[in-house]
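Q: What follows is the residue order along each chain.
Number of protein chains: 2
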Amino acid sequence: MQSRMITLSQNEIPKKWYNALPDLPRPLDPPLHPGTREPIGPEALTPLFPMGLIEQEVSSQRWIDIPEEVMDILALWRPTPMFRAVGLEKALGTPAKIFYKYEGTSPAGSHKPNTAVAQAYYNKKENVKRIATETGAGQWGSALSFACSLFGIECMVYMVRISFDQKPYRKSLINTWGANVVPSPSNLTAAGRAALEKDPECSGSLGLAISEAVEDAAGREDTKYALGSVLNHVLLHQSIIGQECIKQMASVGEYPDVVVGCHGGGSNYAGLTLPFLPDKLGGKNIRFVAVEPKSCPSLTEGKYEYDVGDVAGMTPLMMMYTLGHDFMPAPIHAGGLRYHGGAPIVSNLIHDGIMEAISVEQKQIFESAVLFARTEGHIPAPESAHAIHGAVAEALKCKESGESKTILFGLSGHGHFDMGAYDAYFSGRM
Amino acid sequence: MQSRMITLSQNEIPKKWYNALPDLPRPLDPPLHPGTREPIGPEALTPLFPMGLIEQEVSSQRWIDIPEEVMDILALWRPTPMFRAVGLEKALGTPAKIFYKYEGTSPAGSHKPNTAVAQAYYNKKENVKRIATETGAGQWGSALSFACSLFGIECMVYMVRISFDQKPYRKSLINTWGANVVPSPSNLTAAGRAALEKDPECSGSLGLAISEAVEDAAGREDTKYALGSVLNHVLLHQSIIGQECIKQMASVGEYPDVVVGCHGGGSNYAGLTLPFLPDKLGGKNIRFVAVEPKSCPSLTEGKYEYDVGDVAGMTPLMMMYTLGHDFMPAPIHAGGLRYHGGAPIVSNLIHDGIMEAISVEQKQIFESAVLFARTEGHIPAPESAHAIHGAVAEALKCKESGESKTILFGLSGHGHFDMGAYDAYFSGRM
Chain C
891 MQSRMITLSQ NEIPKKWYNA LPDLPRPLDP PLHPGTREPI GPEALTPLFP MGLIEQEVSS
951 QRWIDIPEEV MDILALWRPT PMFRAVGLEK ALGTPAKIFY KYEGTSPAGS HKPNTAVAQA
1011 YYNKKENVKR IATETGAGQW GSALSFACSL FGIECMVYMV RISFDQKPYR KSLINTWGAN
1071 VVPSPSNLTA AGRAALEKDP ECSGSLGLAI SEAVEDAAGR EDTKYALGSV LNHVLLHQSI
1131 IGQECIKQMA SVGEYPDVVV GCHGGGSNYA GLTLPFLPDK LGGKNIRFVA VEPKSCPSLT
1191 EGKYEYDVGD VAGMTPLMMM YTLGHDFMPA PIHAGGLRYH GGAPIVSNLI HDGIMEAISV
1251 EQKQIFESAV LFARTEGHIP APESAHAIHG AVAEALKCKE SGESKTILFG LSGHGHFDMG
1311 AYDAYFSGRM
Chain D
891 MQSRMITLSQ NEIPKKWYNA LPDLPRPLDP PLHPGTREPI GPEALTPLFP MGLIEQEVSS
951 QRWIDIPEEV MDILALWRPT PMFRAVGLEK ALGTPAKIFY KYEGTSPAGS HKPNTAVAQA
1011 YYNKKENVKR IATETGAGQW GSALSFACSL FGIECMVYMV RISFDQKPYR KSLINTWGAN
1071 VVPSPSNLTA AGRAALEKDP ECSGSLGLAI SEAVEDAAGR EDTKYALGSV LNHVLLHQSI
1131 IGQECIKQMA SVGEYPDVVV GCHGGGSNYA GLTLPFLPDK LGGKNIRFVA VEPKSCPSLT
1191 EGKYEYDVGD VAGMTPLMMM YTLGHDFMPA PIHAGGLRYH GGAPIVSNLI HDGIMEAISV
1251 EQKQIFESAV LFARTEGHIP APESAHAIHG AVAEALKCKE SGESKTILFG LSGHGHFDMG
1311 AYDAYFSGRM
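Chains as they are written, first to last, in my numbering: chain C, 891 to 1320; chain D, 891 to 1320.
Hints in this document: simulated from the structure, not taken from any laboratory.
Please note: incorrect hints may appear among the correct ones.
Each pair may be met inside one copy or between any two copies, as identical chains are not told apart.
When the alpha-carbon atoms are kept at most 20 Å apart in a straight line, the in silico EDC-like pairs for lysine to aspartate or glutamate are as follows [to be verified]:
hint	residue 1	residue 2
1	Lys1137	Glu902
2	Lys1295	Glu1195
3	Lys1170	Glu1087
4	Lys1015	Glu1251
5	Lys906	Asp1313
6	Lys980	Asp962
7	Lys980	Glu958
8	Lys1019	Asp1242
9	Lys1174	Glu1191
10	Lys1137	Glu1087
11	Lys980	Glu959
12	Lys1289	Glu928
13	Lys980	Glu928
14	Lys980	Glu945
15	Lys1088	Asp913
16	Lys1253	Asp955
17	Lys1295	Asp913
18	Lys1193	Asp1055
19	Lys1253	Asp962
Same shape as in the complex, but just chain C (with noise of 0.2 Å):
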């Protein structure tokens, strides 16, 4: 019989971060300042970021030490299981294998932690007492209330109304790590009160909230900013899960010919991919899939240019796929998906065909959350949900045409917060 699970042992935890930013055969455009539109040197962003941080947002090592202390509260979850989903499979009738990364036994049940425990003590190394941030869904913010908890740092964050509201128990996680949250827009800030002034019932949108919690953190000497995607030094600490992934695969005598992950800012997304790139470089046959919402499609109908990161405009001027910074999207459940624009690395390699992308509708996506709790068990978030229905739509091409491709996705979180999702898919209000 065929093993569900593949296991890694504790001492298989990768011990150092994979760094793409070497790898990348374009270099990354430079960050502007977003007044002058000139190139900014690291510096810029000490008011926001520890110098621990900086510096990784533009190494150019290729492998990158995870600290001791890292390790050890990695270690509070970590490894994490892979699945062949041989009931998902079956359901199917494909002739293709399907394994999946389960990030969902986190403390905050998604990928998020991965990055925020690193967040959490390069901030805690340089004597930060107070870091701000922002969360849509509430998986980033969650994640960086556990990790602030565990490293004694007072923590802030501002969620976008509509998840505030529409999840309400994300909001009492976060309260139970000991941090304190607001609804985005708040009147906290000059950004927040700006929105409310224009739409006193304004929805909010990550973009916004972003501005929110870096006008927060570039207003207080004793604070910091966090954020939960895009930036290089957050995909690099998301590297984790690619390099357990080609650990699991190869202890089953596998590898993917294609590797599919939702994609929101491109934590999840890259952490999952990018560390099979270099074997892509390196001629090997083997796709990258990012899925994002049909409702906000960046990689797929955005422009691929300069934009600053939030709705305000303070952050730095990136180059990347993006909406505009003034796009607000629908009010879709996957929350975690709701950002104008793409990380810079994600961008720059789909520019270049290195990396692909599709868009799904929302209803389609919960097609295939319901078909996978139902042969696989698991209860997928739905912004993992797209990932799901991107390896199902791979799967039903090689049904097709009969070929036995290996499909890999991220499972990025477990969906016991995002109920109220599923209740609205099976009312049929969706």
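Starting from the known structure of chain C, fit chain D onto it as the hints suggest.
A: Just chain D, lined up with the frame of chain C:
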């Protein structure tokens, strides 16, 4: 540095269940017919259970093979991780070593799927088309829904009304796995209608919901009944927990001085502790502590006598610690511990002084839950937090005495569906 996670490989999942029945120093008193009070034989259970489970209920075999089809599905989340609670130890300043076994990584987020999968399998094997069950907080109902979904069996869940209202997302989870769920008391059964007639606002109890599910199953040819705790075969299936613990502790050269579990019907507690029983009976110095809610203190304040398992008195009489089958516990948040009796095997061992029990107030439980969340990261279910509290109490005793004991407790599930309870705690509504 002390490694936190203690993993097992997928090949180390136990391949047999441990049956404590032949090892009990004093055999169980026989179950009696609720009308005649005469001992009943296994055949009396055939309207409710498939023969495969009835045989296990009375088996005198110490080790029972786990069927390959069950092993295959257990591998969706097993082996589960064990952790050294270094953060908690540090916060308590105790010389004790604390370990915990975490069952929250299962698809339903608790230990319940361990027996749900086995029960669904034996029903499927005997061509049962539909299973009726009850659920308190929703853990069991969702676990059985999950298992039935994978085996293609229809599932009907009677859910205690207070939890049905307090935890709507458990209901959504049950629906996502394709099962039906109604609040209990319902008007679908005579037992439910009688309760509603007496009190239209009746918030229900596990004992009442059992009556409804038993009545449903007894009245339909195509339907059997399933119970998530109490019975010998349920405890048998959970023995996989303690067996994994023994291997995990041995892998780091440890053995517990005390094992602590929360106790509702007894399945989690027994699954954790019983595999250590042969060592204790062989002279090993090891203690077993059951922790129950002060508001439902069956083991600590109940009587050791024959009682039925349900409100309507339809189940056999079993010798156990009981608060009386019509006891209506206060609506505490640990809904899974609101049961009037203890498992016969656990009751037998408590009565004979081989196991111990304590009861704790809800507020103290949440104090320990929050301390744990902020030091260990994982958010405990309110039920599981009883075990944390018991372990903390043992660790504090060590602090006083200076003893460096080894404490193992069972973290039977995550609290991601219970955040409303944390809200109540933080807002002082507890």
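Q: Take the hints in turn and mark each one as holding or not.
A: Okay, the hints, checked on the actual structure:
1. With identical chains, the CA atoms of Lys1137 and Glu902 are at most 20 Å apart both within one copy (8 Å) and between copies (19 Å).
2. Taking identical chains as interchangeable, the C-alpha atoms of Lys1295 and Glu1195 are never at most 20 Å apart, the minima being 35 Å within one chain and 61 Å between chains.
3. Taking CA atoms no more than 20 Å apart as the test, Lys1170 paired with Glu1087 passes in neither setting, with 50 Å inside one copy and 70 Å between copies.
4. Proximity of Lys1015 and Glu1251 under a CA criterion of 20 Å is satisfied in neither setting, with 43 Å inside one chain copy and 40 Å between copies.
5. For the identical chains of this complex, Lys906 and Asp1313 are neighbours neither inside a copy (41 Å) nor across copies (39 Å), given an alpha-carbon limit of 20 Å.
6. For the identical chains of this complex, Lys980 and Asp962 are inter-copy neighbours only, at 14 Å across copies versus 39 Å inside a copy, given an alpha-carbon limit of 20 Å.
7. In this assembly of identical chains, Lys980 and Glu958 lie within 20 Å of each other by CA distance solely across copies; the values are 18 Å between and 42 Å within a copy.
8. Within a single copy, Lys1019 and Asp1242 get their C-alpha atoms no closer than 41 Å, and across copies no closer than 54 Å, so neither meets the 20 Å cut-off.
9. Proximity of Lys1174 to Glu1191 under the C-alpha cut-off of 20 Å is found in neither arrangement, the shortest distances being 28 Å within a copy and 68 Å between copies.
10. In this assembly of identical chains, Lys1137 and Glu1087 lie within 20 Å of each other by CA distance neither inside one copy nor across copies; the values are 52 Å within and 61 Å between.
11. Proximity of Lys980 to Glu959 under the C-alpha cut-off of 20 Å is restricted to the inter-copy arrangement: shortest distance 15 Å between copies versus 43 Å within a copy.
12. Taking the shortest Cα distances, Lys1289 and Glu928 never come within 20 Å of each other, neither inside one copy (51 Å) nor across copies (61 Å).
13. When the C-alpha separation of Lys980 and Glu928 is checked against a cutoff of 20 Å, the pair qualifies neither within a copy, at 55 Å, nor between copies, at 49 Å.
14. For a Cα distance limit of 20 Å, the shortest separation of Lys980 from Glu945 qualifies neither inside one copy, at 47 Å, nor across copies, at 32 Å.
15. For the identical chains of this complex, Lys1088 and Asp913 are neighbours neither inside a copy (44 Å) nor across copies (73 Å), given an alpha-carbon limit of 20 Å.
16. When the C-alpha separation of Lys1253 and Asp955 is checked against a cutoff of 20 Å, the pair qualifies neither within a copy, at 42 Å, nor between copies, at 43 Å.
17. In this assembly of identical chains, the alpha carbons of Lys1295 and Asp913 never lie at most 20 Å apart, being 27 Å within a copy and 51 Å across copies at closest.
18. Taking identical chains as interchangeable, the C-alpha atoms of Lys1193 and Asp1055 are never at most 20 Å apart, the minima being 31 Å within one chain and 47 Å between chains.
19. For a Cα distance limit of 20 Å, the shortest separation of Lys1253 from Asp962 qualifies neither inside one copy, at 40 Å, nor across copies, at 31 Å.
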